[in-house]
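Read top to bottom, the protein sequences are chains A and B. Counting with our numbering, you get residues 1 to 366 for the letters of the first sequence. Counting with our numbering, you get residues 1001 to 1415 for the letters of the second sequence.
To be clear, the hints were calculated from the coordinates, so they are not data collected in a lab. Beta carbons: idealized from backbone N, C-alpha and C, even for Gly. Just to be clear, a hint being listed does not mean it is correct.
Subject to a maximum C-alpha distance of 27 Å in a straight line, what follows is the list of computed DSS-like cross-link-like pairs (lysine-lysine) [what the hints assert, rightly or not]:
{"#": "1", "chain 1": "B", "residue 1": "K1286", "chain 2": "A", "residue 2": "K270"}
{"#": "2", "chain 1": "A", "residue 1": "K131", "chain 2": "B", "residue 2": "K1305"}
{"#": "3", "chain 1": "B", "residue 1": "K1340", "chain 2": "A", "residue 2": "K270"}
{"#": "4", "chain 1": "B", "residue 1": "K1305", "chain 2": "A", "residue 2": "K344"}
{"#": "5", "chain 1": "B", "residue 1": "K1286", "chain 2": "B", "residue 2": "K1305"}
Negatives, chain A to chain B, calculated, CB over 12 Å [said to hold, decoys possible]:
{"#": "6", "residue": "P25"}
{"#": "7", "residue": "G63"}
{"#": "8", "residue": "I126"}
{"#": "9", "residue": "S252"}
{"#": "10", "residue": "E273"}
{"#": "11", "residue": "D312"}
Below are the chains, spelled out letter by letter.
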Amino acid sequence: MEFAFTDEQNQLRETVAQFLESRCPIAETRNQIRSTNGHDQDVWRSLVRDLGLGGIHAPVEQGGAGLSYVETCIVLEEMGRALYSGPFLSSNVLSVNALMCCEGANTATFLTDVVSGDSKATLAFIERNAKWNLQEFECSANNGSLSGEKTFVFDGPSADLLIIAARSNISDRYGLYAVEANSAGIDYVALDSIDLTRRLSTIRFDSVKAIELGAIDESKYQAFLDLAVVALANEMIGGAQRMLDSAVEYASTRVQFGRTIGSLQAIKHKCAELLLDVELAKSACYRAAEAMDHEDLNRSQLASIAKAMASDVFVRAALDCIQVHGGIGFTWENDTHLWYRRAKSSEVYLGDSSFHRERYLQELGV
Amino acid sequence: MNVDWSESKVRQDVREWLRANWNPNAKLIDWRNTLVDSGWGMPAWPSRWFGVDLPPGLVPVVLEEFNRFGAVGVARTGIRLLAAETLLAHGTDEQRERFLRRILTGEEIWCQLFSEPGSGSDLAGVTTRAEQQGGVWIVNGQKVWTTSAHHADFGLLLARTNWDVPKHQGMTYFVIDMRQGGVDVQPLRQMNGYASFNQVFFTNATIPLNMRVDDEGNGWRVAMTTLMYERRAANALTGQGLNRRSDGSIYEEEAKESALLTEPYTWYPQRAGRVDLAVDRALATKSIEDHATRQELSRLLMMSKCAEWTASRARAAQQQGQSQGPEGSLGKLANSQIAKQALKVHTMTSGMESMLAGEDGPLDGLIAEILLSVPAISIAGGTDEIQKNIIAERVLGMEKEPRLDSGPFRDVRRN
């Protein structure tokens, strides 16, 4: 099976890249770091409404584009490259995924609202001490009332709709619940995060009115996690590619000893090795993205390969990029640390490379 | 001859021809001569030279039909086809007349005389000299890493003919008769114990004037043609599986021919690290229960998968019309890293048993052979360092290093 993007997919990539370049260059993202929500509401709205990216792989009946996960991942890769700070991943990918796997009566309406951009959603599923196993959840819903604490929530305060994974009132059963963000009994605590371009928060629920979206079991939950991991991995390789490009560009202009530092083999070889690892990781991410639409493939294996490869290469690319820049690379003014922060943050979200190497072997059955 | 080839026409023509001519009990040499005359042995070649001018895209159709019949093709082992393609591109008609047929029939064996003890990565630094004296070229010097030199009838020789011009301009390409007094072939033993290559010493060896390939001083350009075909053929070196449809004496003759020339490559799979053995070894030794081993094993399997997918992406890009360029260097570098990782995993799974070789060693010495063969992979066919230079300069567009060897070769510092 040979892998190549279609002309339409390449065109989508180009369109998104150009949009991000003009609407949220890194200088603008730096401004957003100091803003209340961490992103420009107009840019996000434009992505959703003008470019029609609100639900790329969501069904056409709910206003989605009805495309595959590959297209979603292409857009994410470009966002990772540009270090886009808006709630696209949290609302238009992860929340859409969660809503798409629910059969509840209200789900279609929520999905339509999220896809159209009328509503911004985020997922709250991880609990204190970074527990994300279903059986470890303590947060629970009882007769339409949800209580507990969720953390590592992306873009929490700017969301209109919270989608929560919690225990149901039947023991050992779990469900997804929707909560209006302005409901009584919700308490947001903003977390100080290493990644300045992705807002994290803890959310406490005290008998909050919740609507059940549908039941989830272990296999549904794993499928959801695989989708999340693959989305993130594709975003990460965009960042890794940007770090490589930045290192090569700087090495090709910076002159020391009467020559560009890029003519020195110590720098050249570092960049060549990085290119190889970026290409290997890309192959894993593209293959995994493609597999998400095919139930017959072993999606968990492919998701774990993608996340392990992307985690390692993004961090390394950012570190190498800082190193190639030398002293200037360690300054606040230089942009490299913003990607390095994203790399370190994404590296460990839903499992670092060691976790996924182990998971891969287990999925292989050895 | 202008033929309007279509897939069905090719298939039909080949099929008819094979039906009329293929005989599994013919003598190999007779069959190959018939084949060479027909043009179906090297169909993409010009019809003037043993081909039928077939568009390269249709060659697989011919191979499919040969396979269907179980028909033996032209000789392909060793570097013979690199020699043939080089002569086709740069040789004189006299040279093509003399050599091409016997390359394809397998009657004559060839070797490639490029690398020298003093010029490895820097191939253009060859110092084997050829001087024109009394109506012949006189050759003196030493070549190394020559596969099959002890079997070879002829060699492709890159030699220096002018020391007063820059290095790339002072070389000339020759065909040298290996069966002469001035040529001494010695085996070269490698660190893994095998002797798959040779050293070749030239002491006043002679070359007739008409065995110069292309112009004097054009040797580098001709050598590039040979190397281009070498890269293309890299994956096919160890012979191709033939579908035997029936018994026939011709198959035994062919097997003997290919055994002779593929013998040097028996350890090549070990050189690549034998990733295929890794999981079984981890299970057999119970090191699969060790957390650190699991991590390294998993890393190895992932690298190997990703390299496969990356190669598939490169092929797809090629099919879409993008030229195959330095991606080859990326693939080579990937294989090298995978082999080194496999080395680590085999050592972890075998533990202290890794100290043992031969019959005392794990898997009857196979693990030891892996441990002792892997170091070759990051050197042979261009070192990792050279691949990284190629990637950095041609893919990433980084500046070349300033050169210290651009003046007349006579004044360039060398070994």
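Problem - Hint check, failures only - result: Of the numbered hints, 1, 2, 9, 10 and 11 do not hold.
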